[in-house]
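Asks: Letter by letter, the chains look like this.
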Amino acid sequence: MKKGILIGLIIVLTFIVFFTDFFIPKNFLDKPINLLRSFLSQSDVYKENLFLKQEIEDLRAQMQLINIRGNGEEERGKLITKIFSAYPFNIKNTLTLNVGTKQGIKKGMTATFGENILLGQIIDVFEDKSVIRTIFDPKWQLSVRIGQSEIDGLLIGGIEPKITLLEKDKPLQVGDVVYSASSDLPYGLKIGEIAGIKQSSGDVFKEARLKTSYNINDLKEAYVLIF
Amino acid sequence: MFKKKLILFFIIICFSFLQTVDFSIFGVKPNLALVAVIAAAFFISDIWEGVLLAVIAALILKFSPGFSKEILIFFLIVAAAIIAKKYLPWRSMINLIFLIISATLLFYVFSFPTSIISGIFIQELIYNILIGIFIFIVFSFCVKRYI
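Chain order of the listed sequences is A and B.
The numbers in my numbering rise by one with no breaks, and the one at position 20 of the first sequence is 20.
With the second sequence counted from 1, adding 1000 to any position gets you my numbering.
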């Protein structure tokens, strides 16, 4: 009898997990986590600091965008979304948002942090949820440009994203801004800055490490650009 | 007996939720749910109870609507580990380490085989073994002392 109930429960839960759209949004854990963080850092300074840092980075990215594209930038629609949950393993890096087809979300749309910093791209859309692949996903590859001299490179995602295929003779410096140059995304969205350059004498190209201006674990909201 | 099961379920739920909130060590996420369910399997006699723990962990780990290949792989590997545990000949601790290594390896083989040669896999494997041993010791202590 007891075993029967147990097996029945397993069947019902297995059906829910694999054959329905039900999942537990994890954003309800934000409050206790923030509480723990503010407790550990003695006050709300951590939260305030984080918010200010985000604002500064977004404004910097906006200035960078104006430098690249001039002031005649096209007007973009944007949707502020909440991040529901994140991919729980190391293999990918995706986030689930609380908007979907009902809100006009389509595959391939761009997700940003603030308004001007690239976070990822929509890869899956449901009625009122959608999934974005972030630049920390090992499968993510993207054409990028770097700094004022507009040096071309290829961004390879991962826990530590890197820029590859950089021509050896091009002048590249730590701190140069990396921005999107792929036809799939709006041009000029800031991705991060060069954190280090790796060059070996035998190689044709050089590589650079990328430093993003945000910590993905701290993100609670994201923008989706509608254009 | 009921108290023991309740503690095991509670720990599995806590570890599974912890894994979904982007808990990471030096940027690498240990597979907390996987090691917690495998470690818990050593404290339950009924295979079906182990499978129930695995499906609860899978439900918590599910991160988006729709089908996820990785969640299915997770569930099948953990369920297989629970069954395999009964047939392993060594001491519990050796069995646990063997199962954690096999489960972590198989998870990568079936979900993203090319990343096995990466440093991330090795890091995750080490974290999984250490956390697995830690959970096992805590479980053993709780069972001896309080139950």
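In case anyone wonders, no lab produced these hints; they're calculated from the structure.
You may find that some hints are simply not true.
If you want a taste of the chain A side facing chain B, the calculated C-beta under 7 Å gives, among others [said to hold, decoys possible]:
1) Ile10
2) Val12
3) Phe15
4) Pro88
5) Thr101
6) Trp140
7) Ile156
8) Lys162
9) Leu165
In this text, a Cβ means the ideal position worked out from N, Cα and C, and glycines have one as well.
Asks: Now tell me if each hint is right for this structure.
Replies: A quick look at each hint next to the structure:
1. Ile10: 5 Å, holds
2. Val12: 9 Å, violated
3. Phe15: 10 Å, violated
4. Pro88: 5 Å, holds
5. Thr101: Violated, because the Cβ-Cβ distance from A:Thr101 to chain B comes to roughly 12 Å (cut-off 7 Å).
6. Trp140: 13 Å, violated
7. Ile156: Result: violated, 12 Å to nearest chain B Cβ.
8. Lys162: 13 Å, violated
9. Leu165: A:Leu165 check fails; min Cβ-Cβ to chain B is 20 Å, beyond 7 Å.
Of the numbered hints given earlier, the model fails hints 2, 3, 5, 6, 7, 8, 9; all others are met.
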